[in-house]
Structures are given as C-alpha cells and as structure tokens.
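**Q** This is what each chain is made of:
There are 4 protein chains.
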Amino acid sequence: MVLLLSRDSSYLIEVRKGKLHTKDGIFNLDEILKKNFGDKIKTHLKKEFMMVKPNLADILERAKRGPQIIMPKDAALILAYTGISQGSFVVDVGTGSSFLTIFLANYIKPGKVVTYEKDKKMVKIAEENIRLSGLSRFVEIKNKDATKGIVEKNVDLVTVDIQHPEKVVKQAYKALKLGGWLAVYSPTIEEVMAVTKKIRELNFSYIKTVENIVREWQTERTTRPKTMGIMHTGFLTFARKVS
Amino acid sequence: MVLLLSRDSSYLIEVRKGKLHTKDGIFNLDEILKKNFGDKIKTHLKKEFMMVKPNLADILERAKRGPQIIMPKDAALILAYTGISQGSFVVDVGTGSSFLTIFLANYIKPGKVVTYEKDKKMVKIAEENIRLSGLSRFVEIKNKDATKGIVEKNVDLVTVDIQHPEKVVKQAYKALKLGGWLAVYSPTIEEVMAVTKKIRELNFSYIKTVENIVREWQTERTTRPKTMGIMHTGFLTFARKVS
Amino acid sequence: MVLLLSRDSSYLIEVRKGKLHTKDGIFNLDEILKKNFGDKIKTHLKKEFMMVKPNLADILERAKRGPQIIMPKDAALILAYTGISQGSFVVDVGTGSSFLTIFLANYIKPGKVVTYEKDKKMVKIAEENIRLSGLSRFVEIKNKDATKGIVEKNVDLVTVDIQHPEKVVKQAYKALKLGGWLAVYSPTIEEVMAVTKKIRELNFSYIKTVENIVREWQTERTTRPKTMGIMHTGFLTFARKVS
Amino acid sequence: MVLLLSRDSSYLIEVRKGKLHTKDGIFNLDEILKKNFGDKIKTHLKKEFMMVKPNLADILERAKRGPQIIMPKDAALILAYTGISQGSFVVDVGTGSSFLTIFLANYIKPGKVVTYEKDKKMVKIAEENIRLSGLSRFVEIKNKDATKGIVEKNVDLVTVDIQHPEKVVKQAYKALKLGGWLAVYSPTIEEVMAVTKKIRELNFSYIKTVENIVREWQTERTTRPKTMGIMHTGFLTFARKVS
Chain A
1 MVLLLSRDSS YLIEVRKGKL HTKDGIFNLD EILKKNFGDK IKTHLKKEFM
51 MVKPNLADIL ERAKRGPQII MPKDAALILA YTGISQGSFV VDVGTGSSFL
101 TIFLANYIKP GKVVTYEKDK KMVKIAEENI RLSGLSRFVE IKNKDATKGI
151 VEKNVDLVTV DIQHPEKVVK QAYKALKLGG WLAVYSPTIE EVMAVTKKIR
201 ELNFSYIKTV ENIVREWQTE RTTRPKTMGI MHTGFLTFAR KVS
Chain B
1 MVLLLSRDSS YLIEVRKGKL HTKDGIFNLD EILKKNFGDK IKTHLKKEFM
51 MVKPNLADIL ERAKRGPQII MPKDAALILA YTGISQGSFV VDVGTGSSFL
101 TIFLANYIKP GKVVTYEKDK KMVKIAEENI RLSGLSRFVE IKNKDATKGI
151 VEKNVDLVTV DIQHPEKVVK QAYKALKLGG WLAVYSPTIE EVMAVTKKIR
201 ELNFSYIKTV ENIVREWQTE RTTRPKTMGI MHTGFLTFAR KVS
Chain C
1 MVLLLSRDSS YLIEVRKGKL HTKDGIFNLD EILKKNFGDK IKTHLKKEFM
51 MVKPNLADIL ERAKRGPQII MPKDAALILA YTGISQGSFV VDVGTGSSFL
101 TIFLANYIKP GKVVTYEKDK KMVKIAEENI RLSGLSRFVE IKNKDATKGI
151 VEKNVDLVTV DIQHPEKVVK QAYKALKLGG WLAVYSPTIE EVMAVTKKIR
201 ELNFSYIKTV ENIVREWQTE RTTRPKTMGI MHTGFLTFAR KVS
Chain D
1 MVLLLSRDSS YLIEVRKGKL HTKDGIFNLD EILKKNFGDK IKTHLKKEFM
51 MVKPNLADIL ERAKRGPQII MPKDAALILA YTGISQGSFV VDVGTGSSFL
101 TIFLANYIKP GKVVTYEKDK KMVKIAEENI RLSGLSRFVE IKNKDATKGI
151 VEKNVDLVTV DIQHPEKVVK QAYKALKLGG WLAVYSPTIE EVMAVTKKIR
201 ELNFSYIKTV ENIVREWQTE RTTRPKTMGI MHTGFLTFAR KVS
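Going line by line, the protein sequences match chains A, B, C and D. By the numbering used here, the letter at position 90 of the first sequence is numbered 90, and the numbering carries on one by one without gaps. By the numbering used here, the letter at position 182 of the second sequence is numbered 182, and the numbering carries on one by one without gaps. By the numbering used here, the letter at position 188 of the third sequence is numbered 188, and the numbering carries on one by one without gaps. By the numbering used here, the letter at position 222 of the fourth sequence is numbered 222, and the numbering carries on one by one without gaps.
Keep in mind that the hints were calculated from the coordinates and are not lab data. C-beta: ideal position from N, C-alpha, C; glycine also. Hints may contain errors.
As the list claims (entries may be wrong) - Which stretches of chain D does chain A cover? Using the computed rule of at least three CB atoms under 8 Å from a CB of chain A, they are:
| hint | stretch |
| --- | --- |
| 1 | 187–197 |
| 2 | 213–223 |
| 3 | 228–238 |
To be verified - Here are the in silico distance ranges between beta carbons for each label pair:
| hint | chain 1 | residue 1 | chain 2 | residue 2 | range |
| --- | --- | --- | --- | --- | --- |
| 4 | C | Lys53 | D | Lys174 | 18 to 24 Å |
| 5 | A | Met228 | D | Asn154 | 38 to 44 Å |
| 6 | A | Met228 | D | Glu140 | 34 to 40 Å |
| 7 | D | Asp119 | A | His44 | 46 to 52 Å |
Excised from the complex, chain A in its bound form (with noise of 0.2 Å):
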C-alpha cells in the first residue's frame, strides 16, 4: 500500500502495475513500482505527489463510508479510558465495517481481537477491510449472536455496538476478567438507559456515561470555530467489572 499524498488530495492504493485515473489527473502505476518512499511522482497534467507509507489512520480514514461508523475521537476515548494496550485481549461485539476492530487490533497486537457478527454479509465485508489493513492475524471473525454466548475468558475489555446493547451485558459479565472493562458505543439514549440499567443489575463497578464533542476551528484569516459541524455520534458508557 503507498499513499499519494499532496497538498490538497491523497490517494491510498495497493501497488499494482496500469493506470490511475483521477480528478488530479492520470497516475502510471508502473513508475510506482520502481519508486520509493519519499520519492515523488507526478500524474500526466504534472501535479505532484509524494510516496508516503500510510499508516493505519491513513487506511481507517480512506476506508470508512457512512455515518454508522465509530469515529476515531471515540474509538480513541476507549483506549485512553480502559487503557488496553499491546498483549491485551479484545472481545469486540458487532464487527459492522470493522473500522473499531481494525483500530483496536492496531493497537493491542500481538494481542487479539475476537469479534462477533451476526450478519453474514457484513462478515463478508468486514473481512476484506481486516484484510486490506494488515492485521488479518491478530483478528478472529465469528459469524454468531454474542448475546446466545461469548466462550472467550479473562478478557481484558469487551466493546459492544450493537442494537440492544443490553442483551450482551451479562456474557460480557462472564467473559472479563478481574479488573477488565466493557465499553458500549450506543447513539440513542434508550440504549444507553437500557444499558446502564443492565450494568448495575450485574453489579459492574466504575460505571461512566460520557460523549465527546470534537469541535473543529478555523484559524485562516480570522479565529472562530467552524459554523457548522458534528454535534452527536454517540455516547460511551464505561463500567469495569471487580468481583
């Protein structure tokens, strides 16, 4: 994977022989081939790029379509709340496009991510995105319902994004180890009620509802935040099991 990166556009491709067309113009692939990264290349209307070595940031960003996906401010609070780390085991419930299952795999390999979905075409292209990230070997896919059981044990944080969070609660329970965390991403409001209330029932400790608010400025010419922007993706509600 190379990425073309200027000024004011990027483009993320595997390197493979033949053309790229593109509204900066058309890339020759095979000059790609024979270049380095740090090189620079330029499409036939002579606008230049530079070969970069994307990371994974890169990928997520060029990957992820529609507004269902977890946003990276929010994926990030995860980490940065349960503290998981490199080694940590990883049960993540509701794979959709795999966008936090990637984010996550990145960061707690050569630990494991084991994650649950229901839907077989979503399996289908979450593999492909698991695939194209590179971490294929530190993920497990299963095709099942996590709320019928989740077999793995002493996990050290189990995410959820799925309808119903609730009904995942108590074989997340089961699953953690002591001192582990669950971590649920819910849009609405009745999820996170119906979730909280499930947390206490199963006497979770440390029990967090939280929402981040990125709000992008302009710093060109004058100095305002921006006059429109995202106001919600989701909320995060953290609880931590200890006995």
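Put chains B, C and D on the given structure of chain A with help from the hints.
**A** Only chains B, C and D this time, still in chain A's reference frame:
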C-alpha cells in the same frame, strides 16, 4: 505493581513488606506478597479488595496531579488523528510531568519517544514517573531546549506542549519525515494563533485545530448530563509535512 | 429599591432608615434616603458605591437561590422562540420560587401571567418574590394543581416546570389559542421522552427539543474558555398548537 | 399581516387582494379578507391552513436571511443578561438587516432604539424590515458611523455588531448611564480580544464573554442529539459602566 480494587475505591501499590494505612483500613502488605492477581485481600476493617494487574491507564490516572497535565481524551486524540502506533518514532517537546510521554511510549513501543525538557527539576520528576511506568527502555529524556534544535530525523510525530509553541515549529518541520505529523497542545487561543501562523509559513498541509469536550452523564435514577464539568482543557492543532 | 454598585461588589436594598453591615463596611442608609440615582455613597471603610436604579435582571440575579431555578439563558430562549411580548397572556405551571413567572411578567406586561403552584409553602415564597419585583399587578398566583385543570382559555404561551410534565400537556392544549406555544423545561431526559410522547399524541406541531450551553471565556491576560463551568441545566421542549 | 399555519408549513402574508402561489397550492387572498383569526382556509389543492395572528418571532423568523444575522438565542441572551425591558433606551451600533434592532424594539417599547448604520444600502433594507415589523415608532435609524460619535446620553444599553467593535467602545462608554450595559457580538476571537482590551482600558466592570451553543435533539422514535448542527454563531461580550 498491584492495583487493589473495590467497588468504590482503589489503591495502586508497589509490592513490598509492611503496612499500608488507608481510609478503608490497614492493608497487611506481607499478605499480598503471598497472593496472586485475582485473589482477594481484606483490610483490618474487613473491607474486601481484589488484587488486579494494573494497566497503564490505572497507573497514569493515579499518578496525575495538577490541571496542567494533558488529559487522556486529548492524548488519545493525538493517536487517533496521526495514526502513530507500534514502532513509531516520536519527539515530544515539553516533557512536564511526562504524562503524554508515557502515554505515547505505551502505544509506540518497541518504537521510541525522545522527550525534551529544559527545566532540570521537571526532568527529575519525569524520570521517576517514567521509571514507575515500566517504559524506560522506550523513552529518552533530554534536558535541553528543543527550540534551540531537535537533532532527530525521520520522525513520525512531533508533539508540542510548551509555552510559545511557535518557536519550535521550524525545528519540528526539519525533524519530521515526509507524511509525518505535528501535534500541538495549547491551552490558550493566543498560542493557537501564533502556532498556526508559523505552521502556514512553513508550508505544512492538512492543518486542523480542534477542541474536544467530554461531557459526563449521570445515569443513576434519572438520566441527564452532570451539572458541572470540565469545559476546557486545551486546543489541539495538527499539521502534516507533505513537501 | 436601590442597587449599590462598585467595581467588584453590589448590594440590592430596599430603602429604609438604619445601617447595613456588609463585607465592604457599613452603609448609613439614612444618607441614601437623601440622595438620588447616580450619586455616590461611601461605607465607613471609605469604599465608594454608585446608587443605581436596579433593573429586573439585577433583582432576579440577587434573589435567586438553589440550582433548581431556571436560569436567565433558558428563560430568555422561551421569549425568543415563542415570540411572546407585551400584552401576551401566559399560563405558568409550577411557580416554584417564581423566577420564570417574574421574568415573563416583566416582558408581557400589561399582559398577564397566571401561575399554578400546588405546594402552599412555595406559594408563600413566590408571593414575597413577586411583591419585591414590583410586578404583582401582572401576576395571578393560584394554589392549585394544574394537572387537574387549567381554566384559562386563549392563552399565548403555557410554560411548564414541574415533575411529570406530561401530566399537564392535555390541559395546556385546551388552554392554548391557535398558534400558541407550549414550552416545557425538563432537567432529565426521562421527562423529555414522556412529554414529547404526549405532545405528539395531542397533535401539536413544530415540536423542538433543545439544550443551550453557555460557555464562559476568560479574556484577561490570555484568552480561553474557563476550565470549569455549568454543563447542563435543563432541556427545553417547544410545541405549537396548530389545529 | 396574517400567518397561515399548517402542521408542516407556514406563510406570512400582508393582507391584500389576489392570489398567492405556494408549493402547497394557490391561496385566494380575497377569501382571507373576509375571514378572521382562528378561521380556516384551504388552497386549491385542499390543503387546510389556520389564519393566525403572527407574533414578532414569526415575523423575524420568516424575514431572516443569511448566516450573518444575529440569531434569536444570542439576541435573547442580551435581554437576559442586561435586564433591559419596557421603557429602556438602547443604542444599537451596526443595524445591518435590523434583526437585533427589531428584536430589541419589541421588548423595550414604549422605550426607544436608536440604531447606527454607515452603509446607505443597508439602511434602505433595514427601513423596509422595520416598517414590516410595525415598530417604526420606537426606532430611529441613523445613516452615520457611530465610531465617529454617539450623541445619545443616559443610555441603558449599547449593542455593537460591527467589524472592529473596539473602535466604538469609547463612544459607547460616554453614551451609557451609570449602571448601563455594553453588549458586543463578535463572530471571531480576534474581535473579542480587541474589544475586551479596550473595555478594560476604559474602566468598565462586570466584564464577561460567553458563547451559547444550542444543541437540538431528535425525539421521534429514538432520543438523541441531531447529528449535524450549528457549532458557532458569535461570542457575546458584556460590560457594565460603574464609574
């Protein structure tokens, strides 16, 4: 290090002989030496705690002091937006008490964080915190003023948390590899204005300034945002070296 | 009523004979009786104050107590969104300490606010506050439970600030004229859910729920939002009777 | 003026003879002349509307154009924080399309708003809007540059919505009575910085800069903040003349 965890309080301790006096009663530490993670221990007041292996969030949360320190929500956003991860090479300007240094080291190991701090007293404090984190192997602390020169090259990320951040932008630019990121944390808007001006002069691209506001919700009995909260920590400015 | 105003403190007083002891020193009130608005007066500690005619914001600000009271930002939004003004006829359900009652009366006079409060003790407190505001002529306070019946008709605005606001929506609908507005203040999301459900059943239109977050900035020396602040007061739900 | 109101659309019209073509069908205006407020009227497509007496919010909402105009939430905060009301005397600097002028005139009548606008073209537009609002008697519009001089004295409130608001602060100070308020609306932080600096030089007290963010919630089917929204309009700076 052991985390003693009950439903409503927790203690992070280095394992040693003796007694630990707390508001929940006295722990007999000799007893802890004989037990394993997952075991229970009681204070002399019969309050029960679980012995849990602390993760870095546990360590950082209990080590942090003062409102000056960058918060997990902001540190995590740097990860998410710049995509640095295992193996990355980071220069961190303004070690302070080293919260950000440790946070980054934990996610980029076996990569390396070189951190600059001109104040000798802060260096001492930072060294002790880094030792406690167990990440010393991945951190090099330099008692130097980074505005006078950053000798590292081919850096994936330069983070800046000093007064007058604009003074180090040129050095950061030289240190960064193509495709690398600059991330500046600034409590005040004056710093945002000065640093974005300098960033534009130096031909960085993908410039973006954000603030992220984490709002905590109460979910017990009734559901509503908490009345009081943290309205502001700092602005984060991101910029990418493209040419 | 006189407002004694210095650069950093202020006192709202009813003019009478005698002395007033304050942290800024003792005022000789006899002296005030002889002076006019715009004149200066000194405490026995030589601290100077201006004698100023208080406006209603001065009176309300110094009268308010407890976090339960609707704040000016929320009261003002009701004016702005419903367009009530001089001559409007308002029914206010849940007088409480009468902050909202007085605020509305001040802007709709020579119109009228009829306010319902079922708790006799609150009625006493409210009556005293209304008297102090000088707006008694434009307010009628009823020691009744509005959920049992609102007898007024052809009302421009019904405001609701009680627990279980959904119980009064039907009565509000009957009281409103065509084109009239309902405005409900609810601290919790459970109340928002219950009241918007009822509002939809009763065929209101132009339904809108908002929260407004006022963030204060520090501008002395450096410019930045204040670190701590009020994150939440209540949600405001608006609905219009169209048929 | 009549407001024609259905459940999902509305039209504000001046009563006259003829036809009105709308996306809901054609209204026969002659019919309206024969009817009263509260009566129903149908378009040729049989869509039913109620004839309602418009209030000022109805008029302003339907008159407003462009994102430049101060929004009701901000105009209302000026009322709430400064306490101006019936009988107040206001100077409004920077009439623009006169939204704020009209809003204030509606709440201070039989007081007076004197509004300064140096751009002759804007004066024409403002005059037409003020005429439509029916508040001409309480507004005096001056085609003058207020930074060159404000001749009014003993003013309760000076509002400012111009570029370089700092240039008019001294004139505002001279115009204000003791206890009077200055309220400045500034989209950018540069204006906040310039104007608060000037305000401090001129010895104003009770200085306060805020932004208010109105977040809209969706309550149909599920309950959650709307995804996109207005993140920023302008900052409001308040200051009081005390000496």
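**Q** For each hint, tell me whether it holds in the structure or not.
**A** Cross-check of the supplied hints:
1. Counting residues of the stretch 187–197 of chain D whose CB falls under 8 Å from any CB of chain A gives 4; the rule of at least 3 is met.
2. Coverage of the stretch 213–223 of chain D by chain A holds in this model, with 4 residues showing a Cβ closer than 8 Å to a Cβ of that chain against a need of three.
3. Coverage of the stretch 228–238 of chain D by chain A holds. Counting CB-CB distances below 8 Å, 6 residues qualify, and the rule asks for three or more.
4. Between Lys53/C and Lys174/D, the C-beta spacing of about 20 Å keeps the proposed range 18 to 24 Å intact.
5. With their beta carbons about 42 Å apart, Met228/A and Asn154/D fall inside the hinted range of 38 to 44 Å.
6. Remark: the range hint 34 to 40 Å for Met228/A to Glu140/D is upheld by a beta-carbon distance near 36 Å.
7. At roughly 49 Å, the beta carbons of Asp119/D and His44/A sit within the given window of 46 to 52 Å.
Every hint from the earlier list agrees with this structure, and none is contradicted.
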